[in-house]
Amino acid sequence: MSIESRLPARAGVGFKPVHFRDIVAAVQPLGFFEVHAENYMGAGGPPHAQLSKLRADYALSIHGVGLSIGSPRPLDRAHLARLKALCDRYQPESFSEHLAWSSHGEVYYNDLLPLPYTEETLARVSEHVDEVQNTLGRQMLLENPSTYLMFAESTIPEAEFLRAVSDRTGCGLLLDVNNVFVSATNHGADALDYLARFPLERVKEIHLGGHDEQADDAGAPLLIDAHQAPVVEPVWALYAHVIARTGPVATLIEWDNDVPEWPRVLAEAQRANAILGTAGSAKAA
Amino acid sequence: MFAPVQSAFAAALLDPERPVPAGLSTHTAAPLNKRFAAYRNNVVVGLVNALGTRFPATQRIVGEEFFRAMARVFVTAHPPRSPLLMTYGDDFPDFIAGFPPTAEMPYLADVARLEAARTRAYHAADAAPLAPEEIACLKSDSLQGLRFLLHPSAQVVRSAHPIVTLWAMNSGERELGPVEDWRPEDALIARPRLEVEVRALPVGGAAFIVQLLAGQTLEEAATAALADAGDFDLARNLAGLIGAGLITGFAIEEPRKELP
Amino acid sequence: MNVRKQITAATLASSLAAALAMAAAPAVAAPKPMRADMDKCYGIALKADNDCAAGPGTTCAGTARVDYQGNSWKYVAKGTCTQIPTPKGPGSLTQKA
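Chains as they are written, first to last, in numbering that gives the first Met the number 0: chain A, 0 to 284; chain B, 0 to 259; chain C, 0 to 96.
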């Protein structure tokens with residue numbers, strides 16, 4: 000029997016060990032914490048001591064960054080076994096991974112790399128998601144990526160590709176609203192159009208994060224998903240737009256680089272909580 | 000077919016001499032150099048950052064500019080083979096040892112070895128130390144077949160240079176200053192509880208612990224340590240291991256039958 | 000002639016007894032500075048490695064030619080190695096032969 004993804008519909012924060020003291024010093028107004036699976040695959044030590052403490056006090060989301068689900072090559076069974084051991088140990092409310100690849104042959108590139116959206120890749124990604132869900136014995140969430148390039152061979156819009164994977168496998172979706180904004184900007188598309196195509200009813204978690212602004216060869220904006228800054232206003236607006244349609248959904252603040260003091264990260268989460276609260280009371284009324 | 004495009008994409012990530020792979024596009028007619036560069040940068044910067052995180056004292060000794068340039072050479076030649084970045088850079092010290100621009104700093108690779116061992120200790124399995132009373136219960140007539148089990152985090156790094164002093168001065172553990180006594184130091188790196196500890200070992204201590212880690216009996220390890228250093232002090236070295244909480248178990252072998 | 004020193008059963012027993020006595024002395028038992036309770040319970044935080052994003056900055060890092068080919072290397076080590084005088088040679092950690 001597959002365990003459904005079930006995070007509380009409140010704000011959460013991506014856990015950074017530098018914040019540990021601040022987090023445990025008080026009861027935080029958060030529904031959950033999220034950790035990157037690969038950082039907890041050592042045998043013991045402080046990472047597990049800290050994660051056990053967080054897990055005792057809050058709901059937990061385990062977010063993989065290294066499974067390479069979007070690769071045409073077979074999944075790394077040893078890595079999948081490590082993910083299973085981690086999920087079995089901590090019994091997270093949710094497990095998620097990316098629509099991307101990160102390994103090729105023997106090499107791990109440590110980045111979320113893009114894939115074309117075709118019938119061929121749809122079949123392959125769906126097989127991989129099935130394999131993950133069967134191995135873990137739980138539903139997984141698949142996240143939309145930030146992309147900087149497109150593929151000439153793509154035939155399926157990304158939002159429809161994700162809908163199809165969800166249809167075929169029963170996986171839930173993780174909607175990264177910053178990624179929607181980044182990709183739409185980078186590809187000269189409209190983020191609202193993307194959201195209109197996106198199967199919002201399958202969304203069980205939302206990610207919000209900051210990005211960096213650069214330019215492509217023609218001087219057009221090229222946004223980089225860097226998680227190094229606050230969420231920008233247009234992304235907050237898109238988020239409110241989504242929540243108005245979905246009702247409250249577990250929402251994560253991601254801040255991975257140039258990590259500020261805990262109160263600054265918490266303030267971002269509280270802003271998400273405020274938007275979730277408004278949606279919650281509007282729904283109840 | 001995605002597979003051939005992916006192979007070209009992967010090959011170009013770590014090789015800036017390669018052109019942007021075919022099969023990629025954008026919504027305008029602009030060239031794709033900067034877009035593909037975003038992926039190249041993410042890969043290289045992410046991996047160089049991972050090495051900087053793991054080898055902070057090494058970076059401080061050579062300075063950030065030199066370190067990052069050296070790390071970039073390493074990353075392109077030795078990209079990770081595992082999605083567990085906590086293990087990335089296990090072979091960086093060996094690379095430093097063979098990297099000609101560091102030839103004037105012969106101690107650098109050993110400082111990096113110490114730092115690599117620290118990360119391994121940080122993530123090693125947990126184990127509770129034996130209480131001294133449990134060790135005191137060992138019967139004296141069983142000691143010749145005694146093997147001590149050491150904490151899973153325990154590692155030894157031997158060096159011809161004062162690596163413990165250099166590491167301490169470049170990690171904030173000790174004030175930066177002249178190395179008064181430039182002599183070989185062997186380091187014991189371990190995490191008996193939740194804090195990684197680094198100690199300089201007394202003479203013969205490294206040989207002694209290496210033998211214990213290899214599963215040799217106390218007698219065999221002490222004999223090897225005496226061969227390594229004539230003034231090896233067994234009591235002092237054992238006291239160090241017990242005091243540090245690094246003896247986590249023992250096994251006793253039946254006394255060997257004397258050959259006729 | 001074999002000059003290798005032997006370890007006798009009596010040496011093992013006396014060394015172990017002496018070691019236990021030494022380990023019980025406070026100087027050996029607590030050689031490290033005491034940390035705050037929180038760190039003792041959960042450990043000092045090391046930055047985690049696997050992230051979702053590499054982060055911006057040094058935007059030529061992935062595209063610049065790796066400039067160590069043959070012997071060309073334009074970087075000079077400017078860290079603490081230049082600042083700590085050693086008995087073997089001032090201004091460098093390097094052990095001068």
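What the hints contain is simulated information worked out from the structure, not anything from laboratory work.
It should be emphasised that the depicted structure is a prediction, and the values quoted were computed from it without experimental measurement.
Keep in mind that the hints are not guaranteed to be accurate.
[Claimed, not checked] Calculated pairs, DSBU-like style, for lysine-lysine (alpha carbon to alpha carbon, straight line, at most 30 Å):
| id | chain 1 | residue 1 | chain 2 | residue 2 |
| --- | --- | --- | --- | --- |
| 1 | A | 52 | C | 46 |
| 2 | A | 83 | C | 46 |
| 3 | A | 15 | A | 83 |
| 4 | A | 15 | C | 46 |
- Hints violated by the structure (listed by number, smallest first): none
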